[in-house]
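Model the placement of chain W on the given structure of chain Z, informed by the hints.
For the protein sequence lines, the chains are Z and W, in the order given. Under the working numbering, think of the first position of the first sequence as 4, with each following residue one higher. Under the working numbering, think of the first position of the second sequence as 508, with each following residue one higher.
It should be emphasised that the hints constitute simulated quantities derived from the structure, not laboratory data. Please read these numbers as outputs of a predicted model, since none were measured by experiment. Note that CB positions come from ideal geometry on N, CA and C, so glycine has one too. Treat the hints with care, as some may be off.
Ranges between beta-carbon positions, derived for each pair [what the hints assert, rightly or not]:
(1) W/Asn723 with Z/Asp299: 43 to 51 Å
(2) Z/His63 with W/Asn521: 23 to 31 Å
(3) W/Gly853 with Z/Gly192: 51 to 59 Å
Here are the simulated lysine-lysine pairs, PhoX-like style, with alpha carbons at most 20 Å apart [said to hold, decoys possible]:
(4) Z/Lys54 with Z/Lys41
(5) W/Lys739 with Z/Lys346
(6) Z/Lys54 with W/Lys875
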Amino acid sequence: MIDTMKKQEIRDLALFGGAPAFDSIRSTSNLVTPDIEKFLGYVRPVYEHGKFADNGQLVHELERRLADLHQTSFCVASCSGFMALMVAMHVLAISGKTEIVMPSLTYRRMADIAAWVGLVPHFCDIDEQSLGVTARTVEPCINSRTALIMGVHPITNLCDIDGLERLSIQYNIPLLFDSVEAGWASFHGRMLGSFGKAEVCSLHASKLLNGFEGGYITTNDRDLADALRTTSRFGFREDGSLSGLGLNAKLNEVHAAMTLACLEDLDAQVERNKARHRAYRDFLATVSGLTVIPYDETERRGYKNVLVKINESWPLSRENTLTLLHAEKLLAMPYYYPALHTKSTSYRTVRSGSLQVTDRMSECLMLLPCGDFVSIEDISGIADILIFLQEKGPEVQASFEEIRET
Amino acid sequence: MKKGAGSLALFGGNPAFTRPLSIGQRNFVGWDRVEHALRGIFSRRYYTNHGPLVQELEERLAGFFGVRHVLCMTNATIGLMIAAKALGLTGKVLVPSFGFPGTVQSLTWAGLEPIFCDIDPVTHLITVASAEQGITPEVSAILGVHLWGNICHPGELARVADEKGLRLYFDAAHAFGCSCNGVPAGQFGDMEIFSFHMDNMLNSLEGGCIATNDDNLAEIIRNIRSSYGIRKSMTVSVTGNGRMSEAQAALALLSLEDFPRNRAANQERFELYQKRLSVIDGIRLVCPSSETQSNYQHVVAEIDEAAFGLSRTVLTSIIEAENVGSPLYPAGSIHHHEPYRTLYPGLQEAFHQTDKVSSRFLQLPTGKHVSGEDIQTLCDIITIAREQAGDIRALLKVKE
Chain Z
4 MIDTMKKQEI
14 RDLALFGGAP
24 AFDSIRSTSN
34 LVTPDIEKFL
44 GYVRPVYEHG
54 KFADNGQLVH
64 ELERRLADLH
74 QTSFCVASCS
84 GFMALMVAMH
94 VLAISGKTEI
104 VMPSLTYRRM
114 ADIAAWVGLV
124 PHFCDIDEQS
134 LGVTARTVEP
144 CINSRTALIM
154 GVHPITNLCD
164 IDGLERLSIQ
174 YNIPLLFDSV
184 EAGWASFHGR
194 MLGSFGKAEV
204 CSLHASKLLN
214 GFEGGYITTN
224 DRDLADALRT
234 TSRFGFREDG
244 SLSGLGLNAK
254 LNEVHAAMTL
264 ACLEDLDAQV
274 ERNKARHRAY
284 RDFLATVSGL
294 TVIPYDETER
304 RGYKNVLVKI
314 NESWPLSREN
324 TLTLLHAEKL
334 LAMPYYYPAL
344 HTKSTSYRTV
354 RSGSLQVTDR
364 MSECLMLLPC
374 GDFVSIEDIS
384 GIADILIFLQ
394 EKGPEVQASF
404 EEIRET
Chain W
508 MKKGAGSLAL
518 FGGNPAFTRP
528 LSIGQRNFVG
538 WDRVEHALRG
548 IFSRRYYTNH
558 GPLVQELEER
568 LAGFFGVRHV
578 LCMTNATIGL
588 MIAAKALGLT
598 GKVLVPSFGF
608 PGTVQSLTWA
618 GLEPIFCDID
628 PVTHLITVAS
638 AEQGITPEVS
648 AILGVHLWGN
658 ICHPGELARV
668 ADEKGLRLYF
678 DAAHAFGCSC
688 NGVPAGQFGD
698 MEIFSFHMDN
708 MLNSLEGGCI
718 ATNDDNLAEI
728 IRNIRSSYGI
738 RKSMTVSVTG
748 NGRMSEAQAA
758 LALLSLEDFP
768 RNRAANQERF
778 ELYQKRLSVI
788 DGIRLVCPSS
798 ETQSNYQHVV
808 AEIDEAAFGL
818 SRTVLTSIIE
828 AENVGSPLYP
838 AGSIHHHEPY
848 RTLYPGLQEA
858 FHQTDKVSSR
868 FLQLPTGKHV
878 SGEDIQTLCD
888 IITIAREQAG
898 DIRALLKVKE
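Chain Z on its own, in the form it takes in the complex:
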């Protein structure tokens, strides 16, 4: 923060002519920077000995470490979370069936990934408390065409793992978890990674582990792991023969090294994330218009994201709030907006009934700046702005109307 002066007047807000509260952008991306010497320490020996290879020793080591972390037997690294999801959907979908059940309030490219593998997204609603899919929201979407169920973990909480596993067994339909936003979480004390048939995580720089770009799939099923691996490598088996359709989803060695270096810092990072999240909760405790969605502290969590719900008593629309924050160089984001079922697509999608909770929740949640670039002091400054907005809401709203008129 450059300007530690609190906003006193409406004109102190950057949108209305004041100096931005921050001199550089604070975003919702994690951008964790591992110890560079540790990172170079992984890359250098492999590089200097000319031992870079496809699925080389660093990728192997990373897969082993991630499997340990998630307490699974197998981990298959990928060049991105997107490609990991694509490969997993392709391998897991029941052949001859066409639909994939997924939430509508989720990652904006989720339906497109399904389209790449030739599946029709069947959108389901979510639970208002967890913001995740549950057995109750998924079951109405299951029919004779269902090829796969996506258990997507929402940001902060988890989806209904027990209920979805029950459905998966009852209907004999495979269940794939998207755990991109739930990295390093546990459920009933067991690490995420081995629920359903498989789970997918991301190593994008904005996520918990920064691998530049990357992703991975965890599973306890050996045959599935083999199929995921061959599909990620053009369909090549270990002996060089071709097993079937594949593509290039290989993670490269430098990205693997980056992730390995981040893993060394993971416990410490989670503590830093937790302190940031706690600071938001403390500083915003008096702001009745905003509720910081809590993490379940009885389980393991990564604490990276800061999700807030905008209540009735918040004086501004979410859109205006975000516009004001952006002017202060705070890149707060709406939570998964717009919902996927409201977008027009070049491919067919399906939904059963109304998605009431989805529609409501897609309008009232936002993610506040978090990650390695955000200090506790920054959070104090962000909270001051939000407190100011809560207090001066009607005046701020009036100023919005003024600039709209001019």
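Structure of chain W alone, referenced to chain Z:
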């Protein structure tokens, strides 16, 4: 130096190479330069999402190819998948069966059906005649492949595509820095897709790019690739993730600096192989076509079993035993492999030249890690194999 057949590693002799000699280019730059570039990324803390190095790389490559747009990609196969979607192709696409599986697979992922074409036995490229033969009303494009860096008839295929109203694009994975009658690869067809996999000329470990002169197509590709780097927001049929990271871009930029030196060294290695192998009966190197100025990133040989005295399979085992990476290019005739084998049972006997070349060719190691001495040693071994083919056949019988 090895003397008789018995000294070959296949029959218990010591391998000629103490370290494994891989086939691909593996043109790595010195560690100091890499370390400097990686430290730069950490100081900026800009890791991906169309960062400054990716932007610089795109600009430099556009200058290198002489094109209006270069779009960097995670890897070339993702580039090919995105290319097919960006072109809005439907139905069927003409493509050679001979080559790397990713080319054909990209079409399948894009919901298209490959129509395989046969190749010319000398250049290993599809022939214009075989492409013309495959055209039906359902065909929407030709996907040419500049295999082994030989540029694939850009003028004639463009004429055919124009006449029939087809799109034309090229898999240029092998053709970085090649040109055709002086025109650089990158400028042909609607677009060309390059690979920066470490086995190719330009090395970012994994990576690739699309080059095009079409402004609209470039913007569609940007919109499919990621939301970062978009200049104008457009509605596209489907999005993907083809982002290249700053680490990949850093390696590619360094490799680009070394390109002229690496290309010249490849040519020297090729000429040495040529000099040694041209005097041996039954082995022929695939040479750049008369219109191609090559990057010489591949050294590909064909074995005529009758003249050489040994089959390609036997020569391959001899070479591999000396600690050389597998000389067989992965896959070869794609229509003989799954899922295409099951999808197109009628094609199994259809492509005579493709099948003939598939059974005769092998690759020889080249790239920065291969010295002139290594090439001399390997050519000595091939000479022994040719001269003592009879003894080798006898030893193989004993071995069985």
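Now for the hints, and whether the structure bears them out:
no.	hint	in the structure
1	W/Asn723 with Z/Asp299: 43 to 51 Å	49 Å, holds
2	Z/His63 with W/Asn521: 23 to 31 Å	29 Å, holds
3	W/Gly853 with Z/Gly192: 51 to 59 Å	57 Å, holds
4	Z/Lys54 with Z/Lys41	18 Å, holds
5	W/Lys739 with Z/Lys346	19 Å, holds
6	Z/Lys54 with W/Lys875	14 Å, holds
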